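So the sequence lines, in the order shown, correspond to chains B and A. To convert a position in the first sequence, counted from 1, into this note's numbering, add 1312. To convert a position in the second sequence, counted from 1, into this note's numbering, add 1312.
Quick caveat, the hints were computed from the structure, so don't treat them as lab data. All figures in this text were calculated on a predicted structure; none of them were measured in a lab. Please note: incorrect hints may appear among the correct ones.
It does not matter which identical chain is meant; a pair holds if it fits inside one copy or across any two.
To be verified - Here are the simulated EDC-like pairs of lysine to aspartate or glutamate, each with C-alpha atoms no more than 20 angstroms apart in a straight line: (1) Lys1450 to Glu1439; (2) Lys1507 to Glu1424; (3) Lys1381 to Glu1465; (4) Lys1403 to Glu1368; (5) Lys1459 to Glu1335; (6) Lys1459 to Glu1368; (7) Lys1459 to Asp1364; (8) Lys1351 to Glu1424; (9) Lys1381 to Asp1348; (10) Lys1450 to Asp1420; (11) Lys1338 to Asp1364; (12) Lys1403 to Glu1465; (13) Lys1507 to Asp1340.
2 protein chains.
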Amino acid sequence: MQYQLFYWPSIQGRGEFVRLALEAAKADYVDVARGDAAKGQGMPAMLALLADTGQEHPPFAPPILRHGKALIAQTAAILHYLGPQLGLVGKSASSQAWTHQIQLTIADMVSEVHDTHHPISGALYFEQQIAQSIERAKAFREQRLPKFLDWFEAILARNGANTSAARLHLVGARLSYADLSLFQVAEGLQYAFPKAMRSYLPRYPMVQRLHRELATNPRLAPYLASPRRIAFNQDGLFRCYPQLDA
Amino acid sequence: MQYQLFYWPSIQGRGEFVRLALEAAKADYVDVARGDAAKGQGMPAMLALLADTGQEHPPFAPPILRHGKALIAQTAAILHYLGPQLGLVGKSASSQAWTHQIQLTIADMVSEVHDTHHPISGALYFEQQIAQSIERAKAFREQRLPKFLDWFEAILARNGANTSAARLHLVGARLSYADLSLFQVAEGLQYAFPKAMRSYLPRYPMVQRLHRELATNPRLAPYLASPRRIAFNQDGLFRCYPQLDA
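So here's chain B without its partners, still in its complex pose (with noise of 0.2 angstroms):
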């Protein structure tokens, strides 16, 4: 059965989180944003089904998968019910929710991210936002990103299955989505944040391994050169502004 993903169509966002596990599954899936308007997808219908009052468990927000019957909204939430499916998570109760923790984490500091770009509201623009953005970002990077990049970095190191491993991963000794999602973070705040990660990348060996196996992963490279994969840009959540990261 066909997954149907519900998402801004022009970012990567919090929806490229979901687009990394589907296209690292080669998954059977419809960004239905990004589709046609004619054929019953586009934003029309990701807008219709957000004001769809009928709807019994409304989603909060994208982004959202629609399979069968399930209607699961918060990013996390929608991979833990896609990891088993897709392979892309431990066979085990504790294994699952240790990988859903981690991403429920990532999730925590990608809302960080995102306030260092609008730090009072996001139904403003950046530019009416800066000079609280330049504090948040400053507080940021000097802070909050250190303490995420030590987290990585001790879950690497204390996975006893990367000791002999060819490539490193969070959980045990397989691809999991929290892996892509990790790979996801590096870029972003590479993207972001060049300047800050270039000083301290250097620190975190295994979270910068990481990035790198996955950057050239054969499942995962087919799709960043595709054209599916969105250009990161001044919309979404990861932005580049020299401002916020001096």
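Following the hints, complete the assembly by docking chain A onto the known chain B.
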């Protein structure tokens, strides 16, 4: 087997969502950081857990639940784990997933509430970011708060089991941890934004009714009246600063 909750001992904070579930289920648990250091509890026990470099699945931040071999961080993940054990979630996978999705959205809202008094940095005092807090709180009160309340009200209205029920529930016909969390959010919002909530609440009769019913629920009222319930205060998540509720 006894549950061990690790959370900051002097605030409700995110830990309160877990405390409410454990209390409503009359679970056997210990609130470790509030215990006696001489008995191996208290803050030293929590700080030792956070600093434990031998921990294969290190928690990023409290709250943390230890239960036998399980060690789980992230409020929503803890409740997802506890729900079935405490009888505070439906039995079907789809009911558990929906309850979890609601909790994840509550977690997002709670982070936004936190940032109304800490829009720049959690490492600074409120007094160091008052001007920015006033701006962020205004945007939260005017745009985000009604959006979240709309969503909770819609869920309550669309839950068919509520049509003729003596008590309202977010999911199906039984009390879930999500109901307890919405109660806590309604409490906290009325503490933090009394003026805004007085104006909003009449528009949300079902949210109001759920809050009122739970305040006198025999499973919850004894806890709320006990010394185990920490009072709201100016160190927690929900804080009452009149400037932010102008």
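Need the list of violated hint numbers for this structure, in ascending order.
Violated: hints 3, 5, 8, 9, 11, 12 and 13.
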